[in-house]
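J.: Each chain, written out:
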Amino acid sequence: MLEKNLKNLEKTFPELYKIIIHTELPVAYEKTGKSLKFKNNLLFSKYSPEKEADAIFNRILSKIDVEELLIFGIANPFLLKKCISKFKLHIFIPDFSLFKLCLNFFDYTEIISNSNLIWDLENITNHNNIEIFPLKVEEKLYSDILNEIKIRLKAVSKISQPKILIVKPFYGGSLPVINYLEMNLQKFNVKIKSIESDKIFSAYQLISSTLQKKEFVANMRVKLIEFVSDMVFYAIEEFKPDIVFAIAQSPLNDKILKHIRGKNITSIFWFVEDYKLFTYWQYFAPFYDFYFVIQKDEFFHELKKIGVRNFHYLPLACEPTIHKPLILTEEEKQRYGSLISFVGAGYYNRRIFFRNLLDFDFKIWGSDWEDEIILKDFIQENGRRVSTEETVKIFNASFININLHSSNFYEGIAPDGDFVNPRTFEIAACNTFQIVDRRKYLPLHFTEGVDILTYSNENEMKHLIRDISSFPEKYVEIRENSFKRVLSEHTYSHRIKEIAQIVGFEIGKKKENFKDEKEFYLANFNTLEEITDYISKKDKVSKTETIFLLMQELKNTYLK
Amino acid sequence: MKKALVLQLSRLGDILQSTLLLNSLKKENYKIFLLGDEKNSSIANEIPLIDQFIPFEIGGFLKKIKDKNLSELFNELLNFVESLNRENFDILINLNHSLINLYLSQLINAEIKKGFKIENNSFIDFIYSNIRNGRESNFFNLVDLFNCFSNIKAKSKNLFINKSISNKNLNFLKKILKKENNITLHLGAGHELRRWSVEKFAKLAHLILQYFKNTTITLTGSKNEAKFGREFIKFLPPEYKSDIINLIGKTDIPLLKAVLLKSSILISVDTGIMHLASACGINLISMFYASAFVHETGPYTEKALILSPNETCYPCTEFYQPCNDFHCKDNICEQDLFECVKFFFNNSDNDTLKNYFTEHKKRVNLYKPAFDKFGIYYENIIGPDSSIKKIREKGFKLCLKRT
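So the sequence lines, in the order shown, correspond to chains A and B.
If you count by our numbering, then the first sequence holds residues 1 to 560, one letter each, in order.
If you count by our numbering, then the second sequence holds residues 1001 to 1403, one letter each, in order.
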């Protein structure tokens, strides 16, 4: 029986198949009548499991009035077969060994072919209008997982047309990321209000430029954070958001986070930092309903330890309206161009590793390269900060862009480096050659040798530079693949969709997805005023939009 | 035949004021479609120049807005626009400065589009800015401006209306208008504050009936103005009541037109009925005060005498009035109007009229219409203001330069 079941599983759920074949059969089980005992629990009736399944099925029918059903547990094939006939069925497998045990004794052909098997909590998303029914043994044995699923299912009940309050940081790398998210939310016609803390960055700077003592600086910064948090408080009163969206370094204190929770507003945080370097998550993460991170594995364990449940891996991305191929002037090519270049801050590992590139036409752009002696001649324009616009020009003007993830501990590539930095996606979006240090999560987003070129030491890096510069045609396809892949998978628009799916809010469809413009407007706005407010900000209006303006003017003129 | 669509969504008077343009279009062999407020379909029926009146059914649209039935309203407006676009208009002329007209003008296709807000036209901007912000330097009558904005030369000097009277209305009037002369008094005004005193109207009627024995006075107005008729009778000595024919609230457009055609004079403020009387070709004595500015919307006929207050604040604007009660209307008294009636009944000559108004020039001005090569203008009877003609000439030249 196991062989037959596994064959079917391989065909339908190949990934699950790989897990199951490597799973050991449980020791603690016994066959009893028509049933099995697993860890001393009878899976179903040992005499008449069909009759029992009928009775449970009728109970389900009397209680549940939805088309989709999620059964928590796999260990009752009789009941599962019944449910297939009535529901679009999802089955969550909490224990692989129990599943393998069942596959050993019962025929799961029909179940495997006609249901959606889920074994990763991450996939419990976007199940709107779905009911959950737990099988008794699995409910008893894996109640913590069941609770987690219930939380997730509750969380994904859709917020339609949400109002989102965005809290921006004062400065730093997370600021452009949230700006890109804001841009994309606007494209999806989500109603947004932003607390633009970056507008008071000078106040933040003033503190450190005025005060010497660390303690005083810290106290004043707390006051500044309190100021923004108070602003959030009032913005919540006025704007009445459904969601508060914050990102790494967004200045929110615990008081306002408690208030947000008290108001039943969904809170989202995207921690776009290395959790080992920035540790404030340990205190703040539990305050958020959804915690998005760029690292998994160990970080997930750490988050679980402090009671954070709704954490999700969400890698960084590119913004194709900003990061894009450019046609540069000769002057720009001269200024920003070189055989190889690097844009970024002068972290310790970069200072050491880039000493290997002294023989090349190499330009280093970016700040924090003070006191660097060996690379001094390569650092451009006195190591000033370069704007995003200039960064894109540099990516475009350079023949090869070196990408090296930062580290303050290692003298080159961090051997335990996991997350993928935004630069990886941004360079790819410029359709220019990139070589990047190998990272643990890079294969999740690119395929080495197909759409990304990596190195794991200085020799590999130098070899790639020489080969690409000598035989660029060999690498054009990889560059093109990389470009296509970021545009199809790794834009902030994709990230917004992922967030929306996990959090469970509806984002407006983009215009082109509607059969006509009228439908778009009527679906995405509540009132005529909202429609015409939106239209009136446009430079050019279409025929459909003019009709909406006409409707508004009729109202203004005759129904005052 | 070429097709012209004229957008005129304003009131009755504005439609009549558009007839000079319609006539010019007709002379250029256009089939004329007039898009107007559904309420004005009856006046449109009286204008033979209009080949097809297209009612803009505002009431129905508003109901859907109230019912929040946006999808249906959208479809209705789209169908409306598309049905018009099937006509393939050669020219579209927008005669109103509202945003509704602007959006319609954008939605409806035509080879050529002219008029308010459609083209970048400094002359239109100048006029519009004058009307909004200070009127004293605008000496262009709206009737001529309509032609001017459309770049179509006027082909006549009068407004148009079908002057035939149905037998039914003819018989009705024969029964009630038994005296030689009939003078129509229109007691109402578009805005309550702009209404001239009913008591003064009654005193005027008293003067007329005392002086001109073989005369009846007909009162006209809308149903809402019926109370003014009752008030009027109360102010009149009982022996004259039989000479009053009160038709307030009792006339439809064909009967109103018939009454005017059978009248020697209409005395009124600046209203739609004044333009109707103008189209009918009868004599008019019109009062223009407050925001009604004779040079802009004065009656388009030479058979008119127009009184307006001599006040520094006149004309004020719809948007700004220095007073809240339009007290400049009190500058005009019943005797002023009576002098004009005498003039029309040949009981006084130009000099007598001039002398009377010279004597009262601190209070009131009297204008007589005249035509120059650009259209109508209004001369102050006491002494023409030569600068008016100069401004008119410059303005129209500026406008006509575009043609």
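Since the hints were derived computationally from the structure, they do not count as laboratory data.
Hints are supplied without guarantee of correctness; some may be wrong.
27 Å max Cα-Cα, derived DSS-like pairs, lysine-lysine [as the list claims (entries may be wrong)]:
#, chain 1, residue 1, chain 2, residue 2
1, A, K543, B, K1157
2, B, K1068, A, K543
3, A, K555, B, K1002
4, A, K163, B, K1163
5, B, K1155, A, K555
6, A, K100, A, K136
7, B, K1002, B, K1157
8, A, K324, A, K540
On the chain B side, residues computed to face chain A include the following (Cβ under 10 Å) [to be verified]:
#, residue
9, G1059
10, F1074
11, L1078
12, V1081
Ranges of calculated distance between the beta carbons of each label pair, as one might list FRET restraints [said to hold, decoys possible]:
#, chain 1, residue 1, chain 2, residue 2, range
13, A, D533, B, K1063, 52 to 60 Å
14, B, D1067, A, F239, 26 to 34 Å
15, A, E506, B, D1067, 22 to 30 Å
16, B, K1063, A, S85, 46 to 54 Å
None of these values were measured; they are calculated from a predicted model.
Note that the Cβ used here is the ideal one computed from N, Cα and C, for glycine as well.
J.: Work down the list of hints and note, for each, if the structure agrees.
T.: Verification of the supplied hints:
1. Of the supplied pair hints, the one linking K543 (chain A) and K1157 (chain B) is violated, its CA atoms being roughly 39 Å apart against a limit of 27 Å.
2. Of the pairs offered as hints, the one joining K1068 (chain B) and K543 (chain A) holds, with about 21 Å between alpha carbons and a cut-off of 27 Å not exceeded.
3. A threshold of 27 Å between alpha carbons decides the hint, and for K555 (chain A) with K1002 (chain B) the separation of about 34 Å lies outside it, so the pair is violated.
4. At roughly 64 Å between alpha-carbon atoms, K163 (chain A) and K1163 (chain B) are farther apart than 27 Å, so this suggested pair is violated.
5. This hinted pair does not check out: K1155 (chain B) and K555 (chain A) have alpha carbons roughly 38 Å apart, beyond 27 Å.
6. At roughly 18 Å between alpha-carbon atoms, K100 (chain A) and K136 (chain A) fall within 27 Å of each other, so this suggested pair holds.
7. At roughly 24 Å between alpha-carbon atoms, K1002 (chain B) and K1157 (chain B) fall within 27 Å of each other, so this suggested pair holds.
8. Proximity of K324 (chain A) to K540 (chain A) is assessed by CA-CA distance (about 25 Å); at most 27 Å being required, the pair is judged to hold.
9. At about 9 Å, the closest approach between the beta carbon of G1059 (chain B) and any beta carbon in chain A falls short of 10 Å, and the interface hint on this residue holds.
10. Hint status for F1074 (chain B) relative to chain A: holds, with the closest Cβ pair at about 6 Å, below 10 Å.
11. Interface hint status for L1078 (chain B): upheld, as the beta-carbon distance to the closest one in chain A is roughly 6 Å, under 10 Å.
12. Interface hint at V1081 (chain B): satisfied, since its Cβ lies 7 Å from the closest Cβ of chain A, which is below the 10 Å cut-off.
13. Taken as a hint, the range 52 to 60 Å is violated for the pair D533 (chain A) and K1063 (chain B), whose Cβ atoms sit roughly 24 Å apart.
14. Roughly 30 Å separates the CB atoms of D1067 (chain B) and F239 (chain A), a value that falls within the hinted 26 to 34 Å.
15. For E506 (chain A) and D1067 (chain B), the Cβ-Cβ distance of about 26 Å falls inside the hinted range of 22 to 30 Å, so the restraint holds.
16. The supplied range of 46 to 54 Å is met by K1063 (chain B) and S85 (chain A), whose beta-carbon atoms lie about 50 Å from each other.
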